[in-house]
Every structure is written in C-alpha cells, then in structure tokens.
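These protein sequences, in sequence, are chains W and C. Take the first sequence: its letter number 389 is residue 389 in my numbering, and every next letter is one higher. Take the second sequence: its letter number 128 is residue 128 in my numbering, and every next letter is one higher.
Because the hints were derived from the structure by calculation, they are not lab data. Among these hints, one or two may not hold up.
Computed Cβ-Cβ distance ranges for the label pairs, DEER-style [as the list claims (entries may be wrong)]:
hint, chain 1, residue 1, chain 2, residue 2, range
1, C, Ala84, W, Glu66, 42 to 52 angstroms
2, C, Pro90, W, Ala332, 16 to 26 angstroms
3, W, Glu333, C, Arg89, 16 to 26 angstroms
4, C, Gly247, W, Phe157, 51 to 61 angstroms
5, C, Gly83, W, Leu343, 34 to 44 angstroms
6, C, Asp39, W, Asp314, 51 to 61 angstroms
Footprint (simulated), chain C over chain W, 3 or more residues, beta carbon under 8 angstroms [as the list claims (entries may be wrong)]:
hint, segment
7, 57-69
8, 82-89
9, 286-299
10, 315-322
Since the structure is predicted, the reported quantities are computational estimates derived from the model, not experimental observations. Beta carbons: idealized from backbone N, C-alpha and C, even for Gly.
Chain by chain, the residues:
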Amino acid sequence: MAIALASAWGALLLVTSGCSPQHGSPEFRVNLQDILQESQKATDDFRVTGREEDDDAKAEKKANREKLDFVATALVAAFGTPDDPYLFAEVGLPSDDPKWRSLEPEDRKKRLDLKKIELAAGSPGGDREGKQRGLFRQHCAHCHGVTGDGAGPTAAFLNPYPRDYRQGVFKFKSTERNAKPTTADLKRTLVEGIPGTAMPSFMLLPNDEIEALVEYVKYLSIRGQFERDLAIGLLAQDEDIPKTGAELLETYLTPIVERWAESEAKVVRPPEPPPSDTPEDHLASVQKGRELFFGKQAGCLKCHGPMALGDANDGAAEKDRLFDDWNKNKNAENISLWLLPKLELKPRNLRLGIYRGGRRPIDIYRRIHAGIPGGPMPAGGTEQGGQKGPLEPDQIWHIVNYVRSLPYEPISRPHAERATALLKERN
Amino acid sequence: MFRNSSLAWFALVLSAVACAGCGRRATGMPLVADSAKVDEAKVEELRMTTGSKAEEPQETEAAAPAVEPTEWCDLSGQFVYEGAAPDARPISVTKDEQVCGKHALVDESLLVGSQNGLKNVVIFIATNKKQKLFIHPDYESTSKDVVRFDNKNCRFDPHILPVRTSQTLELHNSDAVSHNSSIEQANPLLSKDATFDYHFDKPKNEPVPVTCSIHTWMKGYVVARDNPYVAVSDEEGRFKIEKLPPGTHEFVVWHEASKGKLSAKSGSFDLKRGKVKLTVEPGENDLGAITLGASAFQAK
Numbered sequence: 001m002a003i004a005l006a007s008a009w010g011a012l013l014l015v016t017s018g019c020s021p022q023h024g025s026p027e028f029r030v031n032l033q034d035i036l037q038e039s040q041k042a043t044d045d046f047r048v049t050g051r052e053e054d055d056d057a058k059a060e061k062k063a064n065r066e067k068l069d070f071v072a073t074a075l076v077a078a079f080g081t082p083d084d085p086y087l088f089a090e091v092g093l094p095s096d097d098p099k100w101r102s103l104e105p106e107d108r109k110k111r112l113d114l115k116k117i118e119l120a121a122g123s124p125g126g127d128r129e130g131k132q133r134g135l136f137r138q139h140c141a142h143c144h145g146v147t148g149d150g151a152g153p154t155a156a157f158l159n160p161y162p163r164d165y166r167q168g169v170f171k172f173k174s175t176e177r178n179a180k181p182t183t184a185d186l187k188r189t190l191v192e193g194i195p196g197t198a199m200p201s202f203m204l205l206p207n208d209e210i211e212a213l214v215e216y217v218k219y220l221s222i223r224g225q226f227e228r229d230l231a232i233g234l235l236a237q238d239e240d241i242p243k244t245g246a247e248l249l250e251t252y253l254t255p256i257v258e259r260w261a262e263s264e265a266k267v268v269r270p271p272e273p274p275p276s277d278t279p280e281d282h283l284a285s286v287q288k289g290r291e292l293f294f295g296k297q298a299g300c301l302k303c304h305g306p307m308a309l310g311d312a313n314d315g316a317a318e319k320d321r322l323f324d325d326w327n328k329n330k331n332a333e334n335i336s337l338w339l340l341p342k343l344e345l346k347p348r349n350l351r352l353g354i355y356r357g358g359r360r361p362i363d364i365y366r367r368i369h370a371g372i373p374g375g376p377m378p379a380g381g382t383e384q385g386g387q388k389g390p391l392e393p394d395q396i397w398h399i400v401n402y403v404r405s406l407p408y409e410p411i412s413r414p415h416a417e418r419a420t421a422l423l424k425e426r427n
Numbered sequence: 001m002f003r004n005s006s007l008a009w010f011a012l013v014l015s016a017v018a019c020a021g022c023g024r025r026a027t028g029m030p031l032v033a034d035s036a037k038v039d040e041a042k043v044e045e046l047r048m049t050t051g052s053k054a055e056e057p058q059e060t061e062a063a064a065p066a067v068e069p070t071e072w073c074d075l076s077g078q079f080v081y082e083g084a085a086p087d088a089r090p091i092s093v094t095k096d097e098q099v100c101g102k103h104a105l106v107d108e109s110l111l112v113g114s115q116n117g118l119k120n121v122v123i124f125i126a127t128n129k130k131q132k133l134f135i136h137p138d139y140e141s142t143s144k145d146v147v148r149f150d151n152k153n154c155r156f157d158p159h160i161l162p163v164r165t166s167q168t169l170e171l172h173n174s175d176a177v178s179h180n181s182s183i184e185q186a187n188p189l190l191s192k193d194a195t196f197d198y199h200f201d202k203p204k205n206e207p208v209p210v211t212c213s214i215h216t217w218m219k220g221y222v223v224a225r226d227n228p229y230v231a232v233s234d235e236e237g238r239f240k241i242e243k244l245p246p247g248t249h250e251f252v253v254w255h256e257a258s259k260g261k262l263s264a265k266s267g268s269f270d271l272k273r274g275k276v277k278l279t280v281e282p283g284e285n286d287l288g289a290i291t292l293g294a295s296a297f298q299a300k
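One chain only, chain C, in its complex shape (with noise of 0.2 angstroms):
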C-alpha cells in the first residue's frame, strides 16, 4: 500500500513536470505579427516558380485607352488651422552661436500665420500604377533641372523641397561654418560653397527628412517624386498644383507635425488617413479652405 501510494505519488509528479514542458510554442513575438501566417504550399509554389518569367497581368478594365488631354486644370486650396495659433517656438543655437545665433531661429515644425494660415502643409498625386497619369508638356522644360536645397543662416532653405527623381537635387552650403547634411544613406560634409548632387531613382510616399549633426536644430524635409504635381503652402496657407490632367486623382496631404496621418471634413473634401481623392476640371478648381483641427498636431 505503501510502495504504491508513494509510486503514484512521485508519478503524478512527473506528469505535472510533463505538462509544463509540453506545447512550449516559440516566443519574442510582437502582437501584430504573431498572426502572420506562413501559406507552406505558396512557400513551395514560391520555390519552384523562380526560373519562370512573371506573365504580363492581364490588362482588365484599368486598360482604358490611354488618351492625352487636351484642356488642363489648376487645383488651389488654403489650409487653416483651426484654434489659436501657437507661437513659434524660438530654437536654442547650441552651436556656432556667431554665426547661428543671429538668426533668430524658430521650430519650423508648426507655422501658423495671420488670418490662422497653415504653413507647409505638403500635397502630392498619390501613387496609382494602374492609372496613367499625364504630366503637362510645359514641365518638360523643367524635368531635368538642378534644384537647391540649401544650409543658409544655419537653417535649410526652403524648409520642404519638392524634387523629381529626373531632377538633380543640390545640396549646398551659403553659410561659412561647415555643415552635413544627412539624406537617406548620404551624408556629406558641405564646407562653405561646396555643393554635393543627389539623385532619387525612386519616388518616396513620405517627405525624406534631412538633417545636420552639427547642428542638430536643422531638420528640413524633401518630396521626391516622379510628377510635378506637388505643391507646399505658404505662409497663408494657400497653395496651388497647375496644369493637372482632368479627372479624378487620389492626393496625399502631409504635414511634419500631425500626429499620425490627417484627417479632416470639410465639405466635399474628405480628407481620411493622409489621403483624399478630389476630381478636378478644366480651369480653375477652388478648394476654398480646409481647416485642419488644432488636436490633429501635436505641440513639440
């Protein structure tokens, strides 16, 4: 009796040790991706096609002969802010302050001006590879342009560049203490006068921040894409795209000190996640002005 009660015993321990050690899964997983779930028969399906050429897709309605226009439209906008307007908040130069510290340097982050304009809000054509879209011949002209973006007063100037990825971005420097200027993978030392040319050879869906280490205050940002149909708001807040094909585009707007993608109603202009889709017309295409709620940015 004994014998076997101590037998169970030390059985209904091993089995307790048994259990912990069974249906131990893999761990460090974050939440999101512990769903994503490996398809084996696509993993083999993928393995075996690697000689193969990817057939054409078949061209489905989105092959609508592609006709060029032949009357052009002009989109312009304001954007406001809605709510008081913040003071821009003066930078503390840490460094060159001879040189820097004349300036009067402000956060560009977040610039509201008189009558609550919203400067460098950022609106550009959303990528859609399954539509055509036509650029203006007149841009020709300008495709394969050199355009600056210069360190001037220890600041980058202009504080968000649209560039083409057929343009040549110029990165230079007006002021006479040395800066860097930090792009994607690229950071050259730009002495006074020096200049160092960069190229996109793919257009980005986000402005690409640009920074100084010297200087670490200097933050600007550049749009790189493949059309002109980029625009950036002045003080007022006003902006204006010119010559955009007729029809109905899909438009990205950004702005650096949003909190997460923008969203905004107003009117017919619905403005959802950092994308809005407008249809423009031949002629003019007012938008009017777009408020944009003060709790969308954040204070930084």
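Isolated chain W (complex conformation) (with noise of 0.2 angstroms):
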C-alpha cells in the first residue's frame, strides 16, 4: 500500500515537471530567408551538403557558423526573448524610470517604452493586479508569429499572408514610401483593422493595451531588421564581428532606430485639394481624374485593368503576375526556406469600395501619391523636397475622387440597378 501511494506520488510529480512553464516558452524563429535572398546566390554557403567539400569551403563554412552563433547572441544581448524582453538603454527603457524622466523630449520620442513592450509580451494571463499581460500571444501571434515574422499558425490559411515585421515595411501608412509608419498610422491600423483581409479591428481593447500592442509592434520591427542587417552584413558582406556592445549599438541598431524616429516628420501633408463643392465642381474633377486614370502618364490601367477591376494580369504567366516583396524572391533554389507557400498579390479591384489602407480621401491619396512600399504599386506624386513625381498634388486629388467614384457608377453595382429597373416596371 506504501510502495504503490509513493509510486502513485512520484509519477504525479514526474507529470508535473512535464508541464513546467519552461518548457513550453516560445522562442524566436530565425530568419535565414531575408540573408539569402539579400544574396541571391549565396545559399550552398549555408546548405549542410553531404558532399565532398574542400578546404577552403569548410573553412568558409566554420566562419560562417560563429558568425551566426554571434547573431543569435547578439539578438538575445540586444532585444532578449519573447517572455522576457530587454533593449539597451539607448533604444528603449521602461517609462517609470527615473532616467525616462531626466530625459529631453526629442530624446524620448526616439526610444520604445519598455513598459509597454513588458506589458504586451510573456504569456497570456492576468497579472498579480489582475492586469492583463501577453498581449501580443493573446490577440496577434496566431496570424503574426511569436517573432512577427508573418507565420504564425493560422497564416497559411489567409490571403493576403499577416504582415511580417521583420523588414520594417509596411504598406499602409501615411508617410513618404521609404518612411517607416508613424505611432499613429500603427494605432490606426489595430483600432480599424483592415478592411477585405483577415486583420480585424482591436477597437474595444482598451487604450493603453493597443498603445502596448503597438510598442511591441515596433520593438519586433526592430529587431527583425537589426537581425536581418547584422546577418547580411556579418554573412553576404564580410564584415568583422563587432566586438562591444557600443560598436554594435553604433553599426547596425542606431541607423535602424534613428529611421524609426523621423517618420514623423515625412508624413504626407498634400495641399489642398481643388474646390469641389458644388455638384458642377465635383464632376468636373471626376471627369479629370478619369482622363488621368486612363491616361498615358500615370498608367493606372496597366495593372488595374481597362475596367478597374485589377484584372490586367489575369491569366498571365507565371513571370508576368504581380508579387509583393516579401514573396517575389521565393523561388525553387530557396525553397526549403520558405514559411509560407508563394502568394501573388493581385492588383486592386477599385469597383468594391473596400480600402486596404483606409477610405479616407486623404488615404488614397497617399496611395497614389508614395505607392505601396513592399509592392508593385509606384509613387506617382513629388516627394517633400524631391525630384518632381509626374502627378501634381491637384492631379492626384482628381484621381482620388474619380477612384473614389467607382464603385458608385452603375456597372459597379448590378444588382441595384436590377433592382431599380425592375421596380420601374411595376410602377
């Protein structure tokens, strides 16, 4: 009876330790996919080859293996893990420490706020005041991944793929196109979802959890471009390792936060748009904005298609469809690398009325204005104190409300006009 209450007692306990928390803590996916297509050629420098290799390839390979053994120290150095996360003093700190406070303005807007970050990573559950922590795990790791890498669970599922982070682009912002988003476009974004893909809106979060979300957005930005920066450069380029924590900070993680901290100020402020109050007013600027639409200098058709429908590169071939950055470079060689199948990236159908990047008129025009980073879509218009774009602000306002027009002409909504005609005949 002793033997089999102890061996009961000692299983119980072997169960348990299986279950330690510990052992189910996520990690950081790697990210070897961005190294090589950086380097397209590159990638038997990293396939373990059953062949015969010779010297100079094995000592090539040995280097190569602690440089990526001092890009994974120097992520977890730099950014720490998912349950625990940790950055330099210069990239963020936790906004109830003194040296927060004793900081300038400018200065502060540069750094993260670590407590945010705190507060939306580690586990999902309450904490000991019965405040919500894990945040990001709880409401965007199944669709964004643990890393941000756009390949979590249910990603393979959706089109268009989650965003994935670690290149610090992003398509759907109110800033020039090689700006990164501002605070604001990331808050816009999780308060409103975006319309026609999976992402839904986290409106009734409360406020200070999507403010955590987006800290925590910017904070895997970061570090998925330092990660990518430092292995292109340690891999594809050569560089030496870095040997302190100060040349490492200086090399590959200030440029990247100081990009960060200017995208306030290369927001896309158009003038004002020509008048268009009266009904007269408003036609006539449709009426421009289709010349233009259909004209030769923004080309608009060319991908969105003689009706506007984004059919333009239906039925093509394979090298003629449209992809954006984060699959076009997915091809046979690399495919053991890939995280999700490759995906095309038709061109918008404007007759829908759905907006990916917001309905707003000031949204398309930025649209068209700085394109879509990370697509096919260009930048028509003239950046701030850049070379002259071929669509003058005016020019692009008459685009915007001819676009905007689309989905109510009557071609664009049969099933109303079926329905108008047929109520005429009763009546």
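Join the two chains, each given in its own frame, into one complex according to the hints.
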C-alpha cells in the first residue's frame, strides 16, 4: 500500500515537471530567408551538403557558423526573449524609470517604452493586480507569429498573409514611401483593422493595451531589421564581428532606431484639394480624374485593368504576375526556407469600395502619392524636397475623386441597378 | 492483490504520460540555425559595454604603409561559354503591345555571341577592409557623374550598369509609355522623359536588380561599388578594367543566369564560389579566354 502510494506520488511529480511553463516558452524564429534573398547566389554557403568539400569551403562554413552564433547571441543581448524582453538604454527604457523622466522630449521620442513592451510580452494571462499581460501572444501571435514574421499557425490559410514586420516595411501608412510608419499609423491599423483582409479591429481593447501592442510591433520590427542587417553584414558582406556592445549598437542598431524616430517628419501632407463643393465642380474633377486614370502619364489601367477591376494580369503566365516583396524572391533554389507558399498579389479591384489602407480621400491620396512600399504600386507624387514626380497634387486629387466614384457607377452595382429597373417596371 | 495491481497499472500509465511531457523543446527552428548557440557570457558582456567606445583595433601587419603606386595596370580577358550556344529566347510582350512589341525583345539573362563569347559577365574588386585600394587620379573627374539607367524600347538600357556610390544614378524613361523602376525600396513612376535620381550610400556585394511592375519582363541590374574597378563583358565576352593598382586583388565574378556562385578553373585563373585572386602587374594583363561551363548556368 505504501509502495503503491509512493509510486503514484512519484508519477504525479513526473507529470507535473513535464508541464512546467519553462519548457513551453516559445523562442524567436531565426530568419535566414532574408539573408539569402539579399545575396541571391549564397545558398551553398549555408546548405548542409553531403558532398566532399575542399578546405576553403569548410573554412568558410566554419566562419559562417561562428557568425551565425554571434547573430543569435547579439539578438538575445539586444532584445531578450519573448517572455523576457530587453532593450539597451539607448533604444528603450521603462517609462517609470527615473532615467526616462530625465530625458529631453526629443530623446524620449526616439526610444521605445519598455513598460508597454513588457505588458505585451510574455504568456497570456493576468498578473497579480489583475492586469492583462501577454497581449501580443494572446491577440496577435496566432497570425503574425511569435517573432512577428507573419507566419503564425493561422497564416497559411489567409490571403493576404499577415504582415511580416522583420523588414520594417509597412504597406499602409501616412508617410513617404521609404519612411517608417508613425505610431499613429500603427495605432490606426489596430483600431480600424484592414478591410478586405483578416486583420480585425481591436477597437474594443482599452487604450493602454492598444498602445502596448503598437510598441511591441515596433519592438519586433526593429528586432527583425537588426537581425537582418547584422546577418547580411556578417554573412553576405564579410564584415567583422563587433567586439563591444557600443560597436554593435552604433553600426547596426542606431541607424534603424533613427529611421523610426524620423517617421513623424515624413508624413505626407498634401496641399488643399481643388474646390469640389458644388456638383458641377465635383463632376468636373471626377472627369479629369478619369482622363488621368486612363491616360499615358499615370498608366493606372496597366495594372488595374481597363475596367479598374484589377484584372490586367489575369490569365498571364507566372513571370508576368505580380508579387509583393515578401513573396517575389521565393524560387526553387530557396524553397526549403519558405515559411509560407508563394502568393500572388493582385492589383486592387477599385469598384468594390474596399480600400485596405483606409477610405478617406487623404488615405487614397497617400496611396497614389507614395505608392505602396513592399509592393508593385509605384510612387506617383513628388516627395517633399525631392524630385518632381509625374503627378501634380491637383492631379492626384482628381484621380482620388474618380477612384472614390467608381463603386457608385451603375456598372459597379449590377444588383442595385437591376432592382431599380424592376421597381420602375412595376410602377 | 487486486488493489495493488490496479494501482501499479495506474502508476505505470501516469509515468508514461509524464515521460511524454518531459524533455519538450522549442519547435520550428530550421536545421542550420538549430545549432546557433547563444553565448550567455557574451550576452552579458555586450549588454555591459554599450556605453564604452570601441577601442581602435590594433593595427597589425595589415597597416603596411600605404604608398600610392606610380605605375598602373590594365586587366582584360574574354569569358567564353563552353557548349552549344543557346538561342536568345524571345519575350512574349503582354502589355503595351503597340509600343513594346515592335522591338523583338529577347530574354537577356543568357546571351552568347558569335565565337561563344558570354555577354554581361560582371567582374569587380571584392571589398577588402584591411587593405587600402588606390584609385587612379584620372577617375576623379568622373566621380560625381550622373549615370543614366534608361527605360528604352521597353527594356533597360544598359542591361547591367556599374555606378559608384559617389555618382548619381539617373533613372530615365525614353519611351512613350510610362514605366516604373523598382530599385531596392524605391519605385518611382516615370512618365515620358521623366527622371528620378537615386543614390547608393553603401556599396553592394551583388548587382542590385531593377524591375518594372507594368512590364514584368523588364529586368536590369545596377552594380553599386565605391570604386571604378568594375567591368561588364560585351557581346564578344571581352572586358577590360583599366588603371588598377598593382598587386594581388580578389575579384568577384558574377552572372545573372548562374546556378549559385560561379566556379571555373582556366590555367592560373581559379574561380571558386564567385571569387578569384588575381595578381596584376604594371602594363597589360591579359587573362585570355576564360571558359565557363554550360552546366554552371540554368536555362530560364
């Protein structure tokens, strides 16, 4: 009897030890895909081949392995783990830290708030005060992945795929094409969601939780870019391994953080649109927009199609189809590194009235002016202080008015038109 | 007896479940990176040293006194494609057929000329941080040039363009139809006769592709380096790099249609995984014909 009890107790201990949360903690996924896309011919340097290798190849592989180890080490040093985030003081501080309060406002804007990141990091659940923790893993990781690589468990079922933050490229924002999104842009994406995709609105979350998630997205994006730059620098461009934290910070991390800090200055603020308060003015603007849309200068119909249905490339061969940056470099040589299958990008069907980046006139203006980074949509406007683009602001506003009128054209609403015609017949 | 055996059975089942629960490790790591080890001590060291200025690396034997050379070298050669020369495949023009269909466009990824000369092989000096690379003073006059990469006849002209980081890359559209030139993160829309200036702040180790999203067959390359020692072979496969400093340099040899990095052995020319060490002496240095086997290239 005593032996049976003891063995049952022992078995119970074994079971519970297997269930300890430490074993269940996820880790960040390593990103090799981007390195290989940067150096499109570099696959052999990383492949574990069974072939006979000469001494040069062996030495190169060994050096690569050391560099890869350093990359993994530097990532933990600079960013910590999913459960335990960390930031260098130059990159981020907790907002209840006296050092944070003693910073100048401009310096504070350049840094991430580690307190918010800690709120969003870790396992989902409540803490001792009953505050929700682990927000990212609870709300976001199933699509965006623990690493923010857009390849969580549900991602494979979605079209378009969830955003991969690690390149620091965000499609729908208010800034110039190669600038980062502002905090307000990211918050807007969370609050409004992205219509036409699987990204829902998180409007019902309390404001501090939304801000914590925005901060965590920036954290993951900066981490991803740092991983990419460090790995490409060391492995594809033969840089030396940095010896101190300061060297690591200055060479690889500070340029990224500075780009994020200057996003506010790069917001696209167009001049006032030409007057279209009266129906005549508005219709004239729509007509001008129509001419520009189908004209040679802007060339919108080349991708969006002669009926603006986004069907210009339908039925085309694979090489004539369009892909966004996350998919365009997937080919047979690097197939073992694909996290998700290659997915085509179709130009937007403009007659549906669903605009992923927002349906306000200013949102559509920004899509045309800066294009969509990470995708084939080009920048048509003139960048602030930059060179002249082919489209003047007035012309872009006319195209905006035309595009916004498209869903209301009779041909876009066949059911409504049919219903109207039937009603007329009856009366 | 009965009670003991059922309890023992229960304990056995429990321990089987426990063993399944033990020893679980994090999942989803790719094979190569699985072995990437995090050095905890180094983590601490990196975190502790973010404030310190990096000490200047001790100048070891790499700090050979840098003496400007008085004589300069020319390097030339001819890349030859070994095997039956494939015909250039025509491109099916799917957009703007009235304008682009007139020019008999071909796939330019593998162009083999008469006498089997291989076109568009890029050769440039690999980046070597440890050794100063002297640039001939004649190149100073062109260091701030504006170099044009043109959308012409619905193809990029030239197909591969070398540009220095001190120069300005001018994307231009000579065609009547609009193009856009997607290069790195930029993608400006270019109407007829429009230009867009682009600058590289750092040299790139591989040629950077440029594409057009309207005319998806269009693909060209820009070789962005910080020195002028870049050559692209012509229709005969011939190339020439002029006014190099004498000594031993490592060169990168690249071709867009190669499967992985190029390897070739031709006499003393030993190209391994895209890199070859060459010694150049003052005057002419002719490598002669360098044969690149057909198996190194993939038919697109």
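Discussion item. Just to be sure I understand the hint, the distance between the Cβ atoms of Pro90(C) and Ala332(W) should be within 16 to 26 angstroms; is that true here?
Written reply: holds, 23 angstroms
Fill in: Per-stretch coverage check for the segment 286-299 of chain W, three Cβ contacts closer than 8 angstroms to chain C
holds (count 4)
Practice prompt. Could you check the hint for me, namely that Gly247(C) and Phe157(W) are 51 to 61 angstroms apart, CB to CB?
Written response: For Phe157(W) against Gly247(C), whose Cβ atoms are near 58 angstroms apart, the range 51 to 61 angstroms holds.
Discussion item. Range first: 42 to 52 angstroms. Now tell me if the beta carbons of Ala84(C) and Glu66(W) are that far apart.
Written reply: Given a distance of about 44 angstroms, which is inside 42 to 52 angstroms, the answer is holds.
Fill in: Outcome, coverage hint (the segment 82-89 of chain W, chain C; C-beta under 8 angstroms; three residues)
holds (count 3)
Item to complete: Could you tell me whether the CB distance from Glu333(W) to Arg89(C) stays inside 16 to 26 angstroms?
Response: Distance hint for Glu333(W), Arg89(C) holds at roughly 20 angstroms.
Worksheet item: Has the segment 57-69 of chain W got at least three residues whose CB is nearer than 8 angstroms to a CB belonging to chain C?
Response: Contact hint for the segment 57-69 of chain W vs chain C: holds, 5 residues under 8 angstroms.
Worksheet item: Is the hinted range of 51 to 61 angstroms satisfied by the C-beta distance from Asp39(C) to Asp314(W)?
Response: This hint holds: roughly 52 angstroms between Cβ atoms.
Practice prompt. May I ask you to test the hint 34 to 44 angstroms on the CB atoms belonging to Gly83(C) and Leu343(W)?
Written response: holds, 37 angstroms
Discussion item. Between the segment 315-322 of chain W and chain C, are there enough contacts, at least three residues with CB-CB distance under 8 angstroms, for the coverage claim to hold?
Written reply: holds (count 6)
Violated hints for the displayed structure: none, as all numbered hints are satisfied.
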